[in-house]
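Novice: The residues making up each chain are set out below.
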Amino acid sequence: MTAQQRMELVCPAGTPATLRAAVTAGADAVYCGFSDDTNARNFPGLNFSPREMAEGIRFAHGHGSKVLVAINTFARAGDTDPWRRAADTAVACDADAVIAADIAVLDHMAQNHPKTRLHLSVQAAAATPEAIGFYLEAFAVRRVVLPRVLSVQEIKALNSAIAVETEAFVFGGLCVMMEGRCHLSSYATGRSPNLNGVCSPPEAVSYDESGQATTARLAGFTIDRYDPGSPAGYPTLCKGRFTAGGKIGYLFEDPVSLNAGTMIVALKEAGITALKIEGRQRGKGYVSEVVRAFRRAVDAAELGRDSVEIEGILAALSEGGRQTTGAYRKTWR
Amino acid sequence: MSIALTLGPTFFHWPPDRLRDFYYRIADEAPVERVHVGEVICGKRMPFSDPVWPEIIERLERGGKEVVLSTLAMPTLPRERRAIEELCADGRLVEINDVTALPARAGQPFVAGPFLNIYNEATARFFIRRGAHAICPPVELSLATIGAIAMACPDAAFEVFAFGRLPLALSGRCYHARLHGLHKDSCQFTCEQDADGLVVETLDEQAFLAMNGVQTLSAQVQAVLSPPAELTTRAIARLRLSPQTCDMVVVTQIYRALASGEIAPQEALVRLGGLELPGTLVDGYARGAAGVLAAASA
Numbered sequence: 001m002t003a004q005q006r007m008e009l010v011c012p013a014g015t016p017a018t019l020r021a022a023v024t025a026g027a028d029a030v031y032c033g034f035s036d037d038t039n040a041r042n043f044p045g046l047n048f049s050p051r052e053m054a055e056g057i058r059f060a061h062g063h064g065s066k067v068l069v070a071i072n073t074f075a076r077a078g079d080t081d082p083w084r085r086a087a088d089t090a091v092a093c094d095a096d097a098v099i100a101a102d103i104a105v106l107d108h109m110a111q112n113h114p115k116t117r118l119h120l121s122v123q124a125a126a127a128t129p130e131a132i133g134f135y136l137e138a139f140a141v142r143r144v145v146l147p148r149v150l151s152v153q154e155i156k157a158l159n160s161a162i163a164v165e166t167e168a169f170v171f172g173g174l175c176v177m178m179e180g181r182c183h184l185s186s187y188a189t190g191r192s193p194n195l196n197g198v199c200s201p202p203e204a205v206s207y208d209e210s211g212q213a214t215t216a217r218l219a220g221f222t223i224d225r226y227d228p229g230s231p232a233g234y235p236t237l238c239k240g241r242f243t244a245g246g247k248i249g250y251l252f253e254d255p256v257s258l259n260a261g262t263m264i265v266a267l268k269e270a271g272i273t274a275l276k277i278e279g280r281q282r283g284k285g286y287v288s289e290v291v292r293a294f295r296r297a298v299d300a301a302e303l304g305r306d307s308v309e310i311e312g313i314l315a316a317l318s319e320g321g322r323q324t325t326g327a328y329r330k331t332w333r
Numbered sequence: 001m002s003i004a005l006t007l008g009p010t011f012f013h014w015p016p017d018r019l020r021d022f023y024y025r026i027a028d029e030a031p032v033e034r035v036h037v038g039e040v041i042c043g044k045r046m047p048f049s050d051p052v053w054p055e056i057i058e059r060l061e062r063g064g065k066e067v068v069l070s071t072l073a074m075p076t077l078p079r080e081r082r083a084i085e086e087l088c089a090d091g092r093l094v095e096i097n098d099v100t101a102l103p104a105r106a107g108q109p110f111v112a113g114p115f116l117n118i119y120n121e122a123t124a125r126f127f128i129r130r131g132a133h134a135i136c137p138p139v140e141l142s143l144a145t146i147g148a149i150a151m152a153c154p155d156a157a158f159e160v161f162a163f164g165r166l167p168l169a170l171s172g173r174c175y176h177a178r179l180h181g182l183h184k185d186s187c188q189f190t191c192e193q194d195a196d197g198l199v200v201e202t203l204d205e206q207a208f209l210a211m212n213g214v215q216t217l218s219a220q221v222q223a224v225l226s227p228p229a230e231l232t233t234r235a236i237a238r239l240r241l242s243p244q245t246c247d248m249v250v251v252t253q254i255y256r257a258l259a260s261g262e263i264a265p266q267e268a269l270v271r272l273g274g275l276e277l278p279g280t281l282v283d284g285y286a287r288g289a290a291g292v293l294a295a296a297s298a
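First to last, the sequence lines map onto chains A and B.
Under my numbering, the first residue of the first sequence carries the number 1, and numbering increases by one thereafter.
Under my numbering, the first residue of the second sequence carries the number 1, and numbering increases by one thereafter.
Do not take every clue at face value.
Unchecked claim - Here are the simulated EDC-like pairs of lysine to aspartate or glutamate, each with C-alpha atoms no more than 16 angstroms apart in a straight line: (1) A:330 to B:185; (2) A:247 to B:204; (3) A:66 to A:94.
Stated by the list, open to error - Taking beta-carbon pairs under 10 angstroms as the criterion, some of the chain A residues facing chain B (in silico): (4) 124; (5) 138; (6) 140; (7) 150; (8) 152; (9) 154; (10) 220; (11) 241; (12) 327.
Claimed, not checked - Rough simulated footprint, nothing fancy, chain B against chain A, three-plus residues with beta-carbon under 8 angstroms: (13) 66-79; (14) 176-188; (15) 248-259.
Read the hints as simulated data drawn from the structure, not as lab findings.
Where a beta carbon is used, it is the ideal one built from N, C-alpha and C, also for glycine.
Here chain A stands alone, though its shape is the one from the complex (with noise of 0.2 angstroms):
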């Protein structure tokens, strides 16, 4: 779908005190999911219990603000029931949509509430006109979540030939892998995004300090190690250091995160109809700032401003961190 209209702001929540940060912040619409393994982010501390999923939609829809529900992890064989009790949870909440990945909640959505908005979570890896076209003659989805692989040109030839409305992640944690195709961390942990809603879980993690390093492991391997002094990151197993061919480095991906905000008028008239910030895990302070500099960002480039301009709103948050516009360019290939 080629969208005219003004793109909209999809912002992550982890918990209610999120949700009206982000709301509060000029999100147009924020995404979050119950506290189990029904959604891509069920980590300890995080998410919503149906109370707080019901008063968080209250609150949204008073500041004219939407929520979506992620409901994006794949049913369990034998003990599908959670999800489809998560997905009647969402509508009794008033959700705004559901979005889902697994074929057994898209059924279960569009045969028991038609009426309630329905995007393809990009857990269900949907890049193609024939695959987005399976989804909308199956179930009637309203919007595909684009999986982090199609380039800007890719994305506009994709619009142009479907009749959907497509949201694309401009900033966060970055998937080098096809989303919701991979199992490297059950591979190596026995937990998984498919699965259980985690990757890289926490209590797979260690770090073994030696005089000369300090190392990070994930379930025994080592994914990186860093000088005494220098901050040691996160074990997420594609962001790794291996050898290869006798060569040592970052082969899948360097430990960077996404940051495409250079590249919202492109995404704009590639037809994108959202923007998703990434992060569900991240706390009120650190979603505040990221929505409220994309906010003024996604305005100006409304207004017609230029990508220089738009860089400089966006400038303050490329501190402490490396970054990528990722596959939107094709040369990340």
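For this one, chain A is given, so just place chain B on it according to the hints.
Specialist: Positioned in the frame of chain A, the structure of chain B alone reads:
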């Protein structure tokens, strides 16, 4: 019910001569009922292998094998999408590895490959209604989970990924190209140098993963060696053996002997261990644990 054997698609960029020699020998000597052919990982490789598939298919069919045309797991280019459409229009059975192929194959029989996200019986039933008559679920599912799905879906044959480096992830980025300082669009096909994939070690020289162009596999080799009674109890009908450069005819013979009850799992483990494998044997996923855990002899 006896357990059937399937030779899965070759994940690696083997030159046409190697493909031809490999499949001719499979046609003549391997005790498998079904053989998957076709490029699954990277559409850029298709111009190299496309010319040899017709003769390979003909030879396999003459050898009494049922041929399945496997389709791309991550199509993006119009050319790749067209290739999927053409394969789906072929009279033969196809394997779908991405939802892209579903509309083209609607209502006709297909195999649902391990790159589709079929994690539960409700999703499996949906695919069965659309024509799936065999399903090889994602590799991270345990035998118990696959069994739970299979028991609830008697209309499809369930297949377990039983041998070979495990397909763990796909990316828009080509890691072989990145390793060689190139981009995917001008990759120079360096993946061809690594016929089993290129092992990725940790900084402590521990074999961990393997890169194969846009695909990441395990460095270790999956070896699910369950006794046939256990598979039958779980309504698992087929075992999938994934091509590596070791002697795959011997691999198929070992699994055939295991599946028919001629040899015990421990004996199969010893025999597999005697082959020139690219990694140690693992089966953690089958047991509901981390995939990398060493193969138990059941």
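Novice: All the hints need checking, so say for each whether the structure fits it.
Specialist: Hints and how they fare:
1. A distance of roughly 8 angstroms separates the Cα atoms of residue 330 (chain A) and residue 185 (chain B); the hinted pair therefore holds under the 16 angstroms criterion.
2. Only pairs whose Cα atoms come within 16 angstroms are accepted, and residue 247 (chain A) paired with residue 204 (chain B) is accepted, the gap being roughly 14 angstroms.
3. Straight-line distance between C-alpha atoms of residue 66 (chain A) and residue 94 (chain A) comes to about 10 angstroms, which keeps the hinted pair within the 16 angstroms bound.
4. Taking 10 angstroms as the C-beta cut-off, the interface hint given for residue 124 (chain A) holds, the closest approach to chain B being about 7 angstroms.
5. For residue 138 (chain A), the suggested interface contact is upheld, since its CB lies about 8 angstroms from the closest CB of chain B, less than 10 angstroms.
6. Here the hint on residue 140 (chain A) is broken, as its CB sits about 15 angstroms from the closest CB of chain B, past 10 angstroms.
7. For residue 150 (chain A), the interface hint holds, since its Cβ comes within 10 angstroms of a Cβ in chain B; the closest pair sits about 7 angstroms apart.
8. For residue 152 (chain A), the interface hint is violated, since its Cβ never comes within 10 angstroms of a Cβ in chain B; the closest pair sits about 13 angstroms apart.
9. Nearest Cβ of chain B to the Cβ of residue 154 (chain A): about 7 angstroms, under the 10 angstroms cut. The hint holds.
10. Interface hint at residue 220 (chain A): satisfied, since its Cβ lies 9 angstroms from the closest Cβ of chain B, which is below the 10 angstroms cut-off.
11. Residue-level restraint check for residue 241 (chain A) holds (minimum Cβ-Cβ distance to chain B is 6 angstroms; threshold 10 angstroms).
12. Interface hint status for residue 327 (chain A): upheld, as the beta-carbon distance to the closest one in chain B is roughly 5 angstroms, under 10 angstroms.
13. Under the rule that three or more residues need a Cβ within less than 8 angstroms of chain B, the assignment of the segment 66-79 of chain A holds, with 5 such residues.
14. For the segment 176-188 of chain A, the proposed coverage by chain B is satisfied: 11 residues have a C-beta within less than 8 angstroms of a C-beta in that chain, meeting the threshold of three.
15. Counting residues of the segment 248-259 of chain A whose beta carbon lies closer than 8 angstroms to any beta carbon of chain B gives 4, which meets the minimum of three for the stated coverage.
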